[in-house]
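**Q** Residue-level listing of the chains:
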Amino acid sequence: MNNSDTAEPLLNIRNLAIEFDTADGRVKAVQDVSISVNRGECLGLVGESGSGKSQTMHAVMGLLDDNGSVSGSIQLAGQEILGLPPGEMNTIRGKRIGMIFQDPLTSLTPHMKIGRQMMEVLSLHEKLGRAEALKRVEEALELVRIPDARTRMNQFPHELSGGMRQRVMIAMSILCNPEVLIADEPTTALDVTIQAQILDIIKDLQADIAMAVVLVSHDMGVIAGICNRVAVMKSGRIVEQASTDDIFYAPQMDYTRALLDSMPRIDADDVVEPISQYREKVLEVTDMTVKFPVQSRQGLRSRNKLLPAVQGVNFELFKGETLGIVGESGCGKSTLARAVLRLIGRSDGSVLWLGKDLTKLDKQSLSSERKDLQIVFQDPLASLNPRMTIGQSISEPLWTHRPELSAAAVKDQVRAMMDRVGLSPQWINRYPHEFSGGQNQRVGIARAMILKPGLVIADEAVSALDVTIQAQIVQLLRELQLEYGMSMLFISHDLSVVRQLAHRIMVLYLGRVVELGSSEQVCASPEHPYTKALISAVPRPDPAFERAKQRLILEGDVPSPLDSRSSLRFLQSKMINDPDAEQYVPQLLPCGHGHYTAEHDPVFGPADSNNPIAGVS
Amino acid sequence: MSTVLEAVDEKVAEAETQGRSLWQDARRRLFANRAASVAFWVLLFIVALAILGPMISSHNFDDIHYDAMYESPGFQSGYLFGTDPLGRDLFTRTMMGARISLLLGVLATLVSLLIGISWGATAGYLGGRVDNLMMRFVDIMYSLPFMFLVIILMVLFGRNIFLIFVALGAVEWLTMARIVRGQTMALKHREFVEAAVATGVPALTIIRRHVVPNLLGPVVVYVTLTIPQVILVESFLSFLGLGVQEPLTSWGVLIKEGADEMETASWLLIFPALFLGMTLFCFNFIGDGLRDALDPRDR
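Top line first, the protein sequences correspond to chains A and B.
Per my numbering, numbering through the first sequence is continuous, rising by one, with the last residue being 973.
Per my numbering, numbering through the second sequence is continuous, rising by one, with the last residue being 306.
Same shape as in the complex, but just chain A (with noise of 0.2 Å):
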């Protein structure tokens, strides 16, 4: 590369290398890492976790951790940052390199209100007026789509929903207008309705600033619809850098290649087939309701308000099927999960296992009843004892349910349920702070699987993971249930991870079913509104798909259960506009060989997918 000035990138990073002090000695988390961006252009910069993706960006804004340190060159329009004393670099960071966290609640200071804390920004920068400085915040609210911008600046960080934080976040970083913004992970912590809209705005944002924009993430469907170019980095070093269609059509490196195999795709034609309808039938859940008591205050006086979870939800699961419940956070899908296993107190309903009324059943009766009922949890760490081994932890089913076993059994039953699930038997005296996530869920699925229950709960049980072991764990799910003939409730908020176990899928909205039907016929031909819009918000790593699809955003945020007009957002025709009004409850109605949807207005839900659907404020 020669030096004229033309041609000289805006942020440009040498040979960078950072190492960290840890109890266990130096580790190096970036090692030779050169990249840079230009004007106008975005860069992702994708990688796993423990990449060094975010360290090499927070070494960019001179952020990193007391321990570590950093060599190499970074330079910004030729100047050297790296090494600035923190009184200069105060200086740049925030004016002329922006940041956007992952977790946009974290980042915003919880005691001031958000436009003060914007204000803030702006004085410290440019030394502005307050009137001037009013303007500039309203405005760049403004420009991420911030509805009534004016209120919301009154408002404090949580008072908003998560979307909106982060578009406060981004507001945050732009207000200075910099050169160069980071955006580390930002639509990870977000559903992805609310991502869809999130990446709309960096992307315009980017058009019509002509920033240069770095965007970490783990996941090539985010990277696919933005970026100009990409970095894959692994174990600290860039694997590859080319152009976004060189990187997703004709990778060159081995694992550039695995990443992309790797990413679950809603397209992908590996439909799993729906199980014969003659096969036992094992659950059967009717009108299940879950109602949580909520404080609501109204002046002085508070009152009591029912916080409705789950409503009125039935369906039936078949030996060895699994079901996928999908739904944006919130949606009720744990808490009905929760509800079948009887892990909360008051529900209604009832829940038939193999015959038998769970709800009926006395504290006796349901526990050895447990023995059949197994979960499996989201996060793999926080669901393990941290202070028992992992052999301790998978022997805890067989002490409670099989005392009469001789410890040397139980002993030889964990040996051979970790070797089945790709655990070394070597291991049973480890604890789980040894392992990494991966092999954490493998340990609770190994607890889950050796009393060989007749259904397995899957409570986003890969959603924490990387898409490489997210995989692997896929794939051993789906071989234990062949082998052990169990069904499987599979819970995510992921579609595209769900069709690739469920033999059908239930889609929830706000506690209640919105469709109900085969895997093929939910991803492929969806029928209600919200199901297109979840849909057509999953990203595909496919950036050509990406650049041209017409999104079906909806508009704002998932309106509050609490508010009894939401539950009709689709049904706007029989809405009565009473926050507090017993309203029309929207049907579950056939639409052929076993496919339900809700009922819905006809004006949300024509054939014709590139419709953009308008939005419910």
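By construction, these hints were calculated from the structure, which means they are not laboratory data.
As the structure is a computational prediction, the values presented were derived from the model and not from experiment.
We put the beta carbon where it would ideally sit given N, CA and C, even for glycine.
Don't take each hint at face value.
[Stated by the list, open to error] Which stretches of chain B does chain A cover? Using the computed rule of at least three CB atoms under 8 Å from a CB of chain A, they are:
1. 199-209
2. 217-226
[What the hints assert, rightly or not] Partial list, computed: chain A residues near chain B (C-beta under 8 Å):
3. L697
4. L699
5. S723
6. R726
7. K727
8. Q730
9. I731
10. F733
11. D735
12. S739
13. N741
14. P742
15. E752
16. P753
17. T756
18. H789
[Said to hold, decoys possible] Computed spacing ranges between beta-carbons, pair by pair:
19. B:F288 to A:L717: 51 to 61 Å
20. B:L121 to A:D610: 52 to 62 Å
21. A:D422 to B:L163: 52 to 62 Å
22. B:N139 to A:K719: 19 to 29 Å
Start from chain A and add chain B according to the hints.
**A** Below, chain B without anything else, positioned relative to chain A:
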């Protein structure tokens, strides 16, 4: 159950890779902390002195020597720390006081630990009305004026070391129960406890197997801070004349006597105060080190 477990452990340990538990990690971090490890060895030395001191000393702690009143400290006289107004050897008496003070501190803390953990863990885990009743009882106990309670007990039953022990234990477990309850309520909603419930493990076993081992971290830290507190309260009671009875002694009694003779025989104050101060220092340093070592955020 736990014996089965230990048996499994022992057998497997010989043949297989041994894991590194969180406790082992914490111990390594604790001894990497210089202040804490020095404090640990100093404390061990004081404990050894308290046990062995009165045995190897050539004087009994209550031997009165009329020929050696107000003897100043020195090697020649054979009284290492000097003698008190009655000619009793201060070294032996200080070590005797150490025995009483440390014993009282450790025993009262152990009792408070036992009651506090079972009370707090039960209340926190069961929740609801049981929790409400149990914790209101704690609140009522809290609101009793402690000094008043001790004085009434003394008046009713006379001065007795056992009474001090009861009074201290009755007060110290309250804070422990509150800490344990708070920790339990946080642990109760962790996924590994939910996993155990989903497996069908009975409530008492969950408390014993999943809750208590995981709240030992903050409890151990609190214990190292309670022991010096108990020692201090005992000293205070003794200073007021409500503590242990002559000729038996404790650091508090010795310091009170020393304070009376401060101007004529300063060593009577200096030596007991030095030992008390050092012990309190050590416990606090260890507690501080433990808190850092057990903090999971460090991982």
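**Q** Against each hint, give a clear statement of whether it holds in the structure.
**A** Verification of the hints:
1. Remark: the region 199-209 of chain B is confirmed as covered by chain A, as 10 of its residues place a Cβ nearer than 8 Å to a Cβ of that chain, reaching the required three.
2. Figure legend: the region 217-226 of chain B, annotated as covered by chain A; annotation consistent (3 residues with Cβ-Cβ distances under 8 Å, at least 3 required).
3. Hint status for L697 of chain A relative to chain B: holds, with the closest Cβ pair at about 6 Å, below 8 Å.
4. Hint status for L699 of chain A relative to chain B: holds, with the closest Cβ pair at about 6 Å, below 8 Å.
5. The closest approach between the C-beta of S723 of chain A and any C-beta of chain B is roughly 4 Å, which is under the 8 Å cut-off, so the hint is satisfied.
6. Below 8 Å, beta-carbon pairs count as interface contacts, and R726 of chain A has one with chain B at about 3 Å; its hint therefore holds.
7. Of the supplied interface hints, the one on K727 of chain A holds, with its beta-carbon coming within about 7 Å of a beta-carbon of chain B, less than 8 Å.
8. About 7 Å separates the beta-carbon of Q730 of chain A from the nearest beta-carbon of chain B, less than 8 Å, and the hint is met.
9. Residue-level restraint check for I731 of chain A holds (minimum Cβ-Cβ distance to chain B is 5 Å; threshold 8 Å).
10. Evaluation of the F733 of chain A hint against chain B yields a held restraint, the C-beta minimum of about 5 Å falling below 8 Å.
11. Interface restraint check for D735 of chain A: the shortest CB-CB distance to chain B comes to about 6 Å, inside 8 Å, so the restraint holds.
12. Among the interface hints, the one on S739 of chain A holds; its C-beta lies about 4 Å from the nearest C-beta in chain B, closer than the 8 Å criterion.
13. Satisfaction of the interface hint for N741 of chain A is found here, the shortest Cβ-Cβ separation to chain B being roughly 5 Å, below the 8 Å cut-off.
14. For P742 of chain A, the suggested interface contact is upheld, since its CB lies about 6 Å from the closest CB of chain B, less than 8 Å.
15. Of the supplied interface hints, the one on E752 of chain A holds, with its beta-carbon coming within about 6 Å of a beta-carbon of chain B, less than 8 Å.
16. For P753 of chain A, the interface hint holds, the least distance from its beta-carbon to any beta-carbon of chain B being 5 Å, beneath 8 Å.
17. Interface restraint check for T756 of chain A: the shortest CB-CB distance to chain B comes to about 5 Å, inside 8 Å, so the restraint holds.
18. Because the closest C-beta pair between H789 of chain A and chain B is about 7 Å apart, less than 8 Å, the hint holds.
19. Between F288 of chain B and L717 of chain A the C-beta distance comes to about 58 Å, which sits within the given range of 51 to 61 Å.
20. For L121 of chain B paired with D610 of chain A, a C-beta distance near 60 Å keeps the hint of 52 to 62 Å intact.
21. Between D422 of chain A and L163 of chain B the Cβ separation comes to about 59 Å, which falls inside the hinted range of 52 to 62 Å.
22. Checked against the hint of 19 to 29 Å, the C-beta distance between N139 of chain B and K719 of chain A comes to roughly 22 Å, which is consistent with it.
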